[in-house]
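Work the whole structure out from these sequences, hints included.
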Amino acid sequence: MSCGLLEFCRLQELKTVRDYLFHGQTEPVENNQTELSGPWLQNCTVSLSPCSDLLVVAHEQKAVFLSAKWRTDGGGREEMTLAVSWSGILSTEEGERVSSTICIPLASQKRSSTGRPDWTCVVVGFTSGHVRFYTEDQVLRLKCRTYEIPRHPGVTEQHEELSILYPAALVTIDGFSLFQSLRACRNQVARAAAVGSDVIQPPPLAYKKWALQDMDAIVDHCSVGVMTLNVFDQMKNASILGGFNASVKGSPPAMSQYVTVGGGPYTGFYYAVEGSTQPLLSHVALAVASKLTSALFSAASGWLGWNKHKNEDETVQKHKPKVEPATPLGIRFGLPDSRRHGESICLSPCNTLAGVTDDFGRVTLLDLNRGIAIRMWKGYRDAQLGWLHVPEEQVSRESSLSTSVPRRHALFLVIYAPRRGILEIWAMQYGPRVGAFNVGKHCRLLYAGYRLLGVNSVTSQGWKIHIHQVCLLDPVTGTLRTVNVPFHLALSDKKSEGAKDMHLFKKLTTILKIWFVFFSFLPLEALESLLSNKSIPVLCLTNITCALLSALQQQDADQVDPVLMQLCSSRLKLLQLYTDIHHMNSSADSEDRNELDSLDGTEGDLARVSPTLQRYTKLNSRPSVSFVQDAPDAPLPAQTFLSQIECTEDGQLKLIHHSEPEWNQLGSFIFWGCLCGKSPPHKICDKLQQAAIGPTQLLSLLLSVWLQREKEVLQTPTECLRNLHELLVLLSNMDGAIEESWDPQSVSPWWQQCRNILVQSHNSAAALLAAFVAHRAARASITNRADSKLQSEWEAVSLELEHWVVCVRQLEDVLVLQTLLLVPPTVGAAGGPAALCSIKTLLEGGSGGITDNVSKWVFRHNLASEQLKEILQESKDKDEEEVLMTVCKRFPHSLSPNLLFAHCCWEFVVQWNKDPEEGAHLCRAVEHLKLVSSPHIQLGICTMMWSTFIVKRFSAAAFLIEKHPKIACDVGMGDKAMTSFLGCCVQLLQVLMEADSAVAEVPPPELSVEEVWCGAEGPASIAELALDQKGVHYPLVQHHCLLASLLHAALTFSLKVKPLSLFDSKGKNAFFRDLTTIQLLPSGDTDPGLVLLRQEVTPDILRRHLVCQLYNQGLDPHAEEVMLQVEDKDVLGSQLLMITGQRLSYSLLHNQDQTQPAMEILARLPPTLCTWLKAMDPSELRCPLVPLFQTSRLVGHVIEMLPENHAQYSLALHLLEAVDALTTED
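Per the UniProt record's numbering, numbering through the sequence shown is continuous, rising by one, with the last residue being 1226.
Keep in mind the hints are simulated off the structure, nothing from the lab.
Remember, predicted model here, so these are calculated numbers, not experimental data.
Even for Gly, the Cβ is constructed at its ideal location relative to N, Cα and C.
One or more hints might be untrue.
In silico BS3-like pairs for lysine-lysine, Cα to Cα no more than 25 Å straight-line [said to hold, decoys possible]:
id, residue 1, residue 2
1, K573, K534
2, K654, K15
3, K683, K654
Simulated DEER-style distance windows between Cβ atoms [as the list claims (entries may be wrong)]:
id, residue 1, residue 2, range
4, P349, G371, 17 to 23 Å
5, I374, D214, 21 to 27 Å
6, T72, A920, 46 to 52 Å
7, S610, G1031, 50 to 56 Å
8, L241, W70, 55 to 61 Å
9, N456, T72, 37 to 43 Å
10, S610, K678, 23 to 29 Å
11, N438, N230, 43 to 49 Å
12, S338, V273, 54 to 60 Å
13, K678, P892, 40 to 46 Å
14, C676, S610, 18 to 24 Å
And the structure:
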């Protein structure tokens, strides 16, 4: 066991981070060009949270925050990555730059997450002296010390604190006070953001400010914490400082120790006696406290959008805070070296050692208790330091010891030398180098030296948090790696060798345990691997399995794995079965086959359904797309055969249904040769019975193959039926198929399983043929049992046969219905895939399931109501009409005209509701509704249509025409579709009034279904729902019909009218109410003003519309007569210009009898006129072929109507020239 570098995280978008931080600076790019291997990361301030969930990279004024995320790699493994969560500029004052960053995770106060951070605070120090606190979501150095559990009872408990080093002062902030302040600040910021306020009351903050003296330059520091000298050291120090007559206190005072590095002296030791100052910050803006609070409550709330509404360029406070003078603190002693200047100091986790780097490329190890240098390494220029605190692994002997005995810990110093690209690990204090790694020259060693803020001796009990003490960031690969060092490397000499042997022994013991478990399963896994390999021949697999089974049988019973023995025997049995079936399928063996049974009793059934079967086969023989590997004819590998059969504990074989294609392949492999007559059925069944496969599973497999290969069965139905009958008889005679105690007067589970499979099948033809054969086999079985028991000549009456009679009748009905559904629609119909039906789906569809399927077929074929009515009157002109009549005869009750028209009406309106632009669907629905002869059903259908689909769009259309544009989105239709919709609304309401008038004269109809379909369980049919509807209020329906007529007329004639304004308040309130309720309607007395408003309809609009319609029909003389009465000639001229363009476009572009002179005239026309003519749609004309002289007269009228300054006047002149040219050519 040795040291190792373990990758645990990757950085995403590292190039994006570099480009953002060094945007506009060419030096890093020139040194690195376009690669990430440059030294740009060495010029940045990098800080990683101890929990490794937040990384801050800052340079100059900019910073980038990267947060931890989990993602799945290509291999399906979860890995942690650091992705950019925020980037921006942190500096707020001109010229200030980021000088130091630190990420402090704050401990959660929740019981359920003890030991986990609640959130991470980013503390940033700037060259201006400001220290700002940011949420996870933003001075010379920042150092933090968090709570550590004491290893020994005599060790002084260290408190949490944050220390800030300034060029002339050292500020320490109490950790508990900082923790409470940060929590309060975060809560206040969130509360202020919720109420939209910027006013935040800063909480008090406890800090100390020291002026470090007697050093020329200080560049880094570490706060060792509170320490107490022993009595001897106290007397020594007092004698040195005070001389012979110095007085010594009885108890040594507690002191806070600070160690600094820099120059003159090279290292300084400072001691501040506790209790000498009481610098509690309250509400006075003092010194650094003002800077802390201002940054804490402004910058911390500005990130993550907490203060987005506030202007980011808010002006800086006009009055700078008052700076409190620092308390002088003299140096106690130091390590003088006039030429050496310290660069950094790194405190060990136990607060007893520190590593110092200098400008000479040395790394010095300091003993902080004695204040001396105890070790030095050279050749480490620009070195980066870190510490590893490794606990001893738990061993078995410790379990018997008291839990109060503390575990041993080892300390290692990690040194990264960028110049050499090497990472070294040294054992403390005088130990050897225990590990070295070549890691590259541009990495960064990240060592936090602290854990969670806000933890104390109470909350730390039982907490377990996984942190990485030392991390190495590689900008080339974007990886974060941690150092793993085993404890035994800290032991020296003989103890080290013993520890290595102990760990090696533990490792070997673990490997042997794993190997012992693995070795017992090795032959089992090897055999399973061989049996799952599809490239190994069957003979080879059989020989291997036989050899392994023979070897196992020769061993002692105690040494043989019973699972392996059972696997070998079962797989050998299956391989033999596979080989036998494969041999019988490949070799035509007809000598030992029994004579094929005659199908007495089924010839009449086949003759009866033969026309339907032929039509069904023709319609179902269309080519379809399928995959070769899923084809049932594909050869079945032995491995697939083995994977679908498993051996139970009692030696029985059980079929496993993994997927439908594999199941069909297995069934085809076993039974298709028998069904085609290529394999002897009795031999196949004998082999299956010897293999102890349950007959119920074989029956399910046989019928699955029969139903799935319906097309092949229908090619030779007679031969396949004989073979199926023989197989059913053979399977029925197997042990466990039909119980000996079965009473023929009850339902047999065997035949019930057969019926259940056929009932659920969508292959209706194959299901019907199988039902014929199964019915005959069941009748023969019942007869044989009756003869053996009764010995009489009477025919046995069985409930089982009655079930078969019903099943056969239902399957015949389903076959006829499925044949109709397979009839393809004509060109231009709605189309779509043909619906598939079965007995189960029809029964689950309720009493209206059959009618619902036929109505969907009518919609797919887009049959008009009159066309459907002619078909129902037995006019057999087409094949599809004949099939429909056959279906109607099979279902005389379910497909009665009233029910069929009602369902067709509902199907068309449902499809219209899906696409309201298809107004033809709603028109077809109303047409079908008119042909419902029962007023009760008609009334109910109208009511349901109105309340379910119509009224919402009708009200939206009314408000839209009333100039409420916001309602347009609720209509969902264009102008043309809306006009058709309103016309259908008028017809629907008229049908509703007629039906309501006729309800009292006709009794309600009685709904019934066919006898064999009485067991339908499902939703109620449309007709049943219609009969359950309440009656309507006739005046209210008439009131809505009047509004619908007004709306339809307004859109048809393009009238600028407000229809709702033509009604009084009572009439408006009654609109869009439930038609079954009684509403207060307008009386006979109408307001005269309202009467005048109703009569304010300009007849000139109707005259213009009449003129356009006459020209549209080609009735130009009549149009000229009406045109004399039109007043607004300009508008009429523009409308007639469109008709002229449509006529000319038809003559030049869309006429099939185009002549060469017409093409020449078209070529001579101006480009604008040609483009305009191509945009015309002549299909809107009822009579496009009009004599040219009439079109010429029409153009002349247009020119007379349009003023010369009209925008379309020049276009009319070009039209006149084109028409004259055509007239001249003719």
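Right, here's what the structure says about each hint:
For the hint linking K573 to K534, the alpha-carbon distance of about 18 Å falls within 25 Å, and the restraint holds. With a CA separation close to 59 Å, the supplied pair K654 and K15 exceeds the 25 Å bound. As the CA atoms of K683 and K654 are separated by approximately 20 Å, the hinted pair is consistent with the 25 Å bound. P349 and G371 have their C-beta atoms about 20 Å apart, which keeps the hinted 17 to 23 Å range intact.
In this structure the hint that I374 and D214 lie 21 to 27 Å apart at CB holds, the actual value being about 24 Å. Here the CB-CB span from T72 to A920 is close to 51 Å, well matched to the stated 46 to 52 Å. Under the hint 50 to 56 Å, the C-beta atoms of S610 and G1031, about 51 Å apart, fit the expected range. At roughly 59 Å, the beta-carbon separation of L241 and W70 lies within the given 55 to 61 Å, and the hint holds.
The given range of 37 to 43 Å is respected by N456 and T72, whose C-beta atoms sit roughly 39 Å from each other. Take S610 and K678: their Cβ atoms lie about 26 Å apart, and the range 23 to 29 Å holds. Under the hint 43 to 49 Å, the C-beta atoms of N438 and N230, about 45 Å apart, fit the expected range. In this structure the hint that S338 and V273 lie 54 to 60 Å apart at CB is violated, the actual value being about 30 Å.
Restraint check, K678 to P892: a C-beta distance of roughly 45 Å satisfies the suggested window 40 to 46 Å. The given range of 18 to 24 Å is respected by C676 and S610, whose C-beta atoms sit roughly 21 Å from each other.
Hint compliance for this structure: hints 2, 12 are not met, and every other hint is.
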